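Required output: the full structure, derived from the provided sequences and hints.
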Amino acid sequence: MSWFLVVLLVMAVVRGAFYGVAEDGPFGPGTWGGPTKAGAWAAHAGISVPIIAALLVVFRGIGWLHAAFVRWLYGLAGWWVLPATISVCAGGLLLIWSWIQQL
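Heads up: take any position in the sequence shown, counting from 1, add 277, and you land on our numbering.
FYI, nobody ran anything at the bench for these hints, they're computed from the structure. Since this is a predicted model, take the numbers as computed values, not measurements. It is possible that some hints are incorrect.
[Unchecked claim] Listed next, with one range per pair, are the computed distances between beta-carbon atoms:
# : residue 1 : residue 2 : range
1 : 312       : 292       : 16 to 22 Å
2 : 360       : 331       : 22 to 28 Å
3 : 357       : 307       : 47 to 53 Å
4 : 353       : 327       : 33 to 39 Å
5 : 362       : 331       : 16 to 22 Å
[Stated by the list, open to error] Within a straight-line C-alpha distance of at most 20 Å, the following computed SDA-like cross-link-like pairs (lysine to any residue) qualify:
#  : residue 1 : residue 2
6  : 314       : 326
7  : 314       : 293
8  : 314       : 291
9  : 314       : 292
10 : 314       : 304
Where is the CB? At the ideal position from N, CA and C, for every residue including glycine.
Listed below in structure tokens is the structure:
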């Protein structure tokens, strides 16, 4: 699941924060940000920067949960670790499945 989120992070950086470098147009009146390249770049960056920050927090949470799961395997963590791990894995599978259905 983390590798899938890494791919989403790379896409958010390339297609969001560096939109003007990755995309040459067209930038018409019906596009995000309006008819100019600067407006489209600002709109994509404005949406992607919070997503990038949220993904970094998610990565930290997954790392924390992974460490807690390893402690649980050694009998050093509480009862909540296994249900939380199963929930995160199920949510990740649903996210990947819904992403595949878009394609």
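Hints, one by one, checked against the model:
In this structure the supplied range 16 to 22 Å holds for residue 312 paired with residue 292, their Cβ-Cβ distance being about 20 Å. Remark: the range hint 22 to 28 Å for residue 360 to residue 331 is upheld by a beta-carbon distance near 23 Å. A beta carbon spacing of about 48 Å between residue 357 and residue 307 agrees with the range 47 to 53 Å that was offered as a hint. Distance hint check: the CB atoms of residue 353 and residue 327 are about 36 Å apart, consistent with the given range 33 to 39 Å.
Hint check: residue 362 to residue 331, Cβ distance near 21 Å, so the stated range 16 to 22 Å holds. Note on residue 314 and residue 326: the hinted pairing holds, with a Cα-Cα distance of about 18 Å set against a maximum of 20 Å. With a C-alpha separation of about 13 Å, the suggested pair residue 314 and residue 293 falls inside the 20 Å cut-off, and the hint holds. For the suggested pair residue 314 and residue 291, the alpha carbons sit about 15 Å apart, so the restraint of at most 20 Å is met.
Between residue 314 and residue 292, the direct Cα distance comes to roughly 13 Å. Compliance with the 20 Å bound is thereby established for this hinted pair. Under the criterion of a C-alpha separation no larger than 20 Å, the hint pairing residue 314 with residue 304 is consistent with the structure, at around 6 Å.
Hint compliance for this structure: no hint is broken.
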